[in-house]
Amino acid sequence: MSKILMKIDGKEIEAEEGMTVLEAARTVGVNIPSLCHHDKLEPYGACRICTVEAQKNGRSRLVVSCVYPVEKNLEITTRSETIDRARRTILELLLSHAPDSEPLRILAAEYGADKNRFEKEPSFCIHCGLCVRYCAEIKGLHAVGFINRGSKREINFVPELVAAECWSCKECFPLCPTSALQAAYVFTAAQVSEIPVFEGDTD
Amino acid sequence: MDINKIDQIIDGHNSEASSLIQVLLEIQSENRWLPRQALERISERMDVPLSRIQHIATFYKAFSLVPKGRHEIHICMGTACHVRGAQNILNAVEDHTGIKPGETDLALKFSLETVNCLGCCALGPVIEVDGQIHGKLTPPETAEALKKYE
Ligand code: SF4
Ligand code: FES
Chain A
1 MSKILMKIDG KEIEAEEGMT VLEAARTVGV NIPSLCHHDK LEPYGACRIC
51 TVEAQKNGRS RLVVSCVYPV EKNLEITTRS ETIDRARRTI LELLLSHAPD
101 SEPLRILAAE YGADKNRFEK EPSFCIHCGL CVRYCAEIKG LHAVGFINRG
151 SKREINFVPE LVAAECWSCK ECFPLCPTSA LQAAYVFTAA QVSEIPVFEG
201 DTD
Chain B
1001 MDINKIDQII DGHNSEASSL IQVLLEIQSE NRWLPRQALE RISERMDVPL
1051 SRIQHIATFY KAFSLVPKGR HEIHICMGTA CHVRGAQNIL NAVEDHTGIK
1101 PGETDLALKF SLETVNCLGC CALGPVIEVD GQIHGKLTPP ETAEALKKYE
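Going line by line, the protein sequences match chains A and B. Just so we're aligned, residue 1 is where the first sequence starts under our numbering, counting upward by one. Just so we're aligned, residue 1001 is where the second sequence starts under our numbering, counting upward by one.
Extracted from the complex, chain B is given alone in its bound form (with noise of 0.2 Å):
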């Protein structure tokens, strides 16, 4: 990542300490992880010690460590979606894309994650890629609403 970017979100925030996870989430969305180098200059720039950014950013799941794919792929397993075959379609997703939960693939093209719940239960089965819901889905359909994404 370029690190005018990363100074250019520090300013927004007036280097101001009180603002790290702001900017953690800020670099997160344009970036999709957060790199190593980009720590660094966080923790030189606003003055925050390596050590506590660390604490943070493995803390809350929102921040990643690791490059993620283009397009982030939430799968629902809550009760709701799991009565009604969440499973099968983990399974057609990890079929699809040769990943597991917490995985990316080698072109960075998925990152898969399973949640607890998306909030719209009468959808279920639901997945959720790059925001946008996909419901009532079966396995064919699942592996059909993936091949769309480049």
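This is chain A alone, in the form it adopts within the complex (with noise of 0.2 Å):
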């Protein structure tokens, strides 16, 4: 692996190749929030909160770090006033589907995100598919997936493995930014008559 010498907020740092900005980035210390990244997935690039400037010949674009590999001589600018006016918009897009969500709220904080300023549209998912991915490329379970598509796209449990698999699994419940991965559960699990939804519910 070839080494690749780039800036990060003015700083020279080295990266190596096949990296995405965001792991060059936390590699040295540089925290870029993200709320669809996931170490052990692949890049998926779902959220947008991620966005950075990117400086390359001069230039300077909008580039979604968590996807974006890393080159020789770009510039990565991990904080600017372009930079937060996008990722407050993009929070408030998301609030408005998930309210209540804490990792949200904690970014809507620092972003100055209005979680009023979009009419609520409490679907709760915010697409960022990290339930199915988890399921699909750690556990090889395919317990859960999208279906449909565009403004009506949800999550959706296959009855048969939340019965057979989810419950002794729920590796995923703690990854969820928001309740809507639980609620399909429960909701799948109670049409399943022969699973306990809740903790202790045994009949």
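Careful, some of the hints might be misleading.
What the hints assert, rightly or not - Think about it this way: if two alpha-carbon atoms lie no more than 30 Å apart in a straight line, the pair counts; the simulated DSSO-like pairs of lysine-lysine are:
(1) K1100/B with K152/A
(2) K1068/B with K1147/B
(3) K1068/B with K1005/B
(4) K152/A with K1068/B
(5) K1100/B with K120/A
(6) K120/A with K1061/B
(7) K72/A with K56/A
(8) K139/A with K152/A
(9) K1068/B with K1148/B
(10) K152/A with K1061/B
(11) K1109/B with K152/A
Said to hold, decoys possible - Away from chain A, derived, C-beta distances all over 12 Å, residues of chain B:
(12) S1019
(13) E1030
(14) R1045
(15) T1079
(16) H1082
(17) N1091
(18) H1096
(19) V1115
(20) A1122
(21) T1138
(22) K1148
(23) Y1149
Simulated from the structure, these hints should not be mistaken for laboratory data. Using N, Cα and C, we set each Cβ at its ideal position, and we do this for glycine too.
Assembly of the complex is requested from the two constituent chains, each provided in isolation within its own frame, with the hints serving as guidance.
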């Protein structure tokens, strides 16, 4: 693996080829906010909260750092007025779906995002895909997937797999930035009558 | 749907996962909808997770996971048909069939869908029933045309 020299927030850093900008930044202790990124999963780029500015050949543009590969002489800015504005709008859009999400509220406070800016449409899932990807990539179970598309897209558990696998795993639960995942699980579990929905619920 | 027929379609594509959409399309046109047991069979035989098949089957409008009527009505609501009174045609179709867009009647006779262009704007307002075009319609003519379908 060859080394790549580049700059993050004015600091010269050495990154490895094939890394994403987000990974490179984190190795040198620069924190870029993320929601859909997970160290063990393939880059996905769903939430766009990790947007940064990339300067190359004298031109600057917004890129999504968790999917953008490092490159020689690339200069990255992780915080600026443009970036903050972009992140604020992204947060406001996500908050219209999941106004009570803890990770979103923490970020909203930092970026001054107003959760009432857009009309509420509490679908709760923000389509980060963490649950779907974790179940597929790490567990190889594919118990949860997306259905429909566009504004109607949502997650969906396969009932047979919920009955057979999920009760003893539930590793996706803590990954979800909102409450959508658990709600969908409980809903599916309630339909498959032989599995307990809550801890201690035995009949 | 007969499981052997499903197997036959899957065999026609050597159970290759890359032919998934093709297999779904063939079952859809053979059976007019994709029953759950067909999806499970595909998942098993083609080695594609069920959640992935559901993702695809719900993504494309060409697929239906609920039974469809024997006759599929597509009514054009595109600009040209719209200005020539597509809404009145839609009302006539709804009155005749008793269903709204996206629905199928209980006797499984008709399914109704609106579309945004059928590509023959000069014939507007136009509806398509089982692939056959009926153009330059008036509401009474629409009801008359639908009577022919059993
Ligand atoms: S349910 Fe949660 S983890 Fe799954 S995609 Fe939606 S927000 Fe992400
Ligand atoms: S963390 Fe990069 S797009 Fe979500």
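Quick rundown of the hints versus the structure:
1. K1100/B with K152/A: Status holds; Cα separation ~20 Å.
2. K1068/B with K1147/B: holds (18 Å)
3. K1068/B with K1005/B: Satisfied, since the Cα-Cα distance of roughly 19 Å is no more than 30 Å.
4. K152/A with K1068/B: Distance ~21 Å between K152/A and K1068/B Cα, so the pair holds.
5. K1100/B with K120/A: holds (28 Å)
6. K120/A with K1061/B: holds (27 Å)
7. K72/A with K56/A: holds (9 Å)
8. K139/A with K152/A: holds (26 Å)
9. K1068/B with K1148/B: holds (19 Å)
10. K152/A with K1061/B: Given pair K152/A, K1061/B holds - Cα atoms ~13 Å apart, limit 30 Å.
11. K1109/B with K152/A: Within the cut-off at roughly 28 Å; holds.
12. S1019: holds (19 Å)
13. E1030: Non-interface label on E1030/B holds, nearest chain A Cβ at 23 Å vs cutoff 12 Å.
14. R1045: Per Cβ check, R1045/B is outside 12 Å of chain A; nearest 16 Å; holds.
15. T1079: holds (22 Å)
16. H1082: holds (22 Å)
17. N1091: holds (26 Å)
18. H1096: The assertion about H1096/B holds, with a minimum of 29 Å to chain A.
19. V1115: holds (17 Å)
20. A1122: The assertion about A1122/B holds, with a minimum of 31 Å to chain A.
21. T1138: At roughly 35 Å from the nearest Cβ of chain A, T1138/B sits farther out than 12 Å, so the non-interface label holds.
22. K1148: holds (35 Å)
23. Y1149: holds (30 Å)
Checked against the numbered hints given earlier, this structure breaks none of them.
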